[in-house]
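> Residues per chain are reported as follows:
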Amino acid sequence: GQNIDQPTEMTATEGAIVQINCTYQTSGFNGLFWYQQHAGEAPTFLSYNVLDGLEEKGRFSSFLSRSKGYSYLLLKELQMKDSASYLCAAPYAGNNRKLIWGLGTSLAVNP
Amino acid sequence: DTAVSQTPKYLVTQMGNDKSIKCEQNLGHDTMYWYKQDSKKFLKIMFSYNNKELIINETVPNRFSPKSPDKAHLNLHINSLELGDSAVYFCASSPGGRYGYTFGSGTRLTVV
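One line per chain: the protein sequences are L and X, in this order.
For the first sequence, the numbering used here gives the first residue as 16, with consecutive numbering after it.
For the second sequence, the numbering used here gives the first residue as 59, with consecutive numbering after it.
Take the hints with a grain of salt, since some may be wrong.
Stated by the list, open to error - Result set (SDA-like, lysine to any residue): computed pairs, CA atoms no more than 20 Å apart in a straight line:
| id | chain 1 | residue 1 | chain 2 | residue 2 |
| --- | --- | --- | --- | --- |
| 1 | X | K67 | X | A145 |
| 2 | X | K98 | L | P22 |
| 3 | X | K99 | L | A54 |
| 4 | X | K77 | X | H131 |
| 5 | L | K72 | X | R156 |
| 6 | X | K125 | X | V170 |
| 7 | X | K102 | X | T117 |
| 8 | L | K113 | X | A130 |
| 9 | L | K113 | X | I114 |
| 10 | X | K98 | L | K72 |
The set of hints was computed from the structure by calculation and includes no laboratory data.
Chain X with its partners taken away, still in its complex shape (with noise of 0.2 Å):
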């Protein structure tokens, strides 16, 4: 049983498209997690939601989106792709506290 998965694993897409990228988790966690990592391995976090609320909103351009239509689902809606979008975008949960998070596998986006 996958704990958190994210979907599709691979994007490659041309600048300028809108894309989305989902993901679920099974295991019961109230906090949900978007995160970007870059070419140099800096994991840098984007969006936290907490039983469905918006709680953590970094400086992200407004053209990133998330959506959480319950507390075990987050997506996140990206507009108007742009070169450095590039990246490989992780989902995340936690229960909070000492348990850490469970990431999913990752989606690795390329704009082209």
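Bound-form chain L, shown alone (with noise of 0.2 Å):
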């Protein structure tokens, strides 16, 4: 089968650094993205890995293990605007016009 598992909801303090974590199981794999949805609006794009290792985009970092079939999105100098869900997915069969999208980590930043 083809699924993706993140932790339903996370807590962090301002001005901390935050790890959500992503598992996925697909069949031809063909990149992971993250996206992030603030309460009441839509996903937007945050990366997407097709190779391992870690990409960084200013605050936010991504990782990707296609081996171990684990990626992390990494938030530092947490702010209270990043308060939102964080979603993760996969082309479904390696498929980038179709995605499976995990149900999202809540994090909630406190000061």
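Combine the two chains into a complex, taking the hints into account.
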């Protein structure tokens, strides 16, 4: 089967670092996406990893290990506005036109 | 300039009615999608069109019918609305590959 698992909820403190994990099982791996969704809003694209390793984009970085079927999103210098749901998604059977989605990790950043 | 715009933003209607949601993108993307996000926040793909051709048609009741008059527009018509259809419906577009999707702001449908 194909599925994506990520923790349901996480809490962190403003200014801290948080790591949101995602494990996936897909056939024909073709990359992994991270999206951010604020309450009541649309998901917005954060990152895409297709090769192993860490990709850094400002305060957000995303890591992929294809052999372990594992990814994480690292958020540094947390701000209150980072409180949102973070969704992991992977192409279904390697088809980038059809993604399977995790249920999202709801991150609460406290002062 | 809005990249992916969908209307209406809110829709409250009675059971049994027929309603439509419209979506337009000005990004020049070839592929457009309809997603349903339920109360548990699970994003489920419903349909996808590539250059006006239906390429993904998930297990969705046939009361739902998409239409793509051109590659910049994808509409969703729903017949005989049921309580379980209440959800947020997102339109999205993508050029494919590593660029991900751009989502519209969503249509919150409430069936009473």
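> Quick check: which numbered hints come out false for this structure?
6, 10
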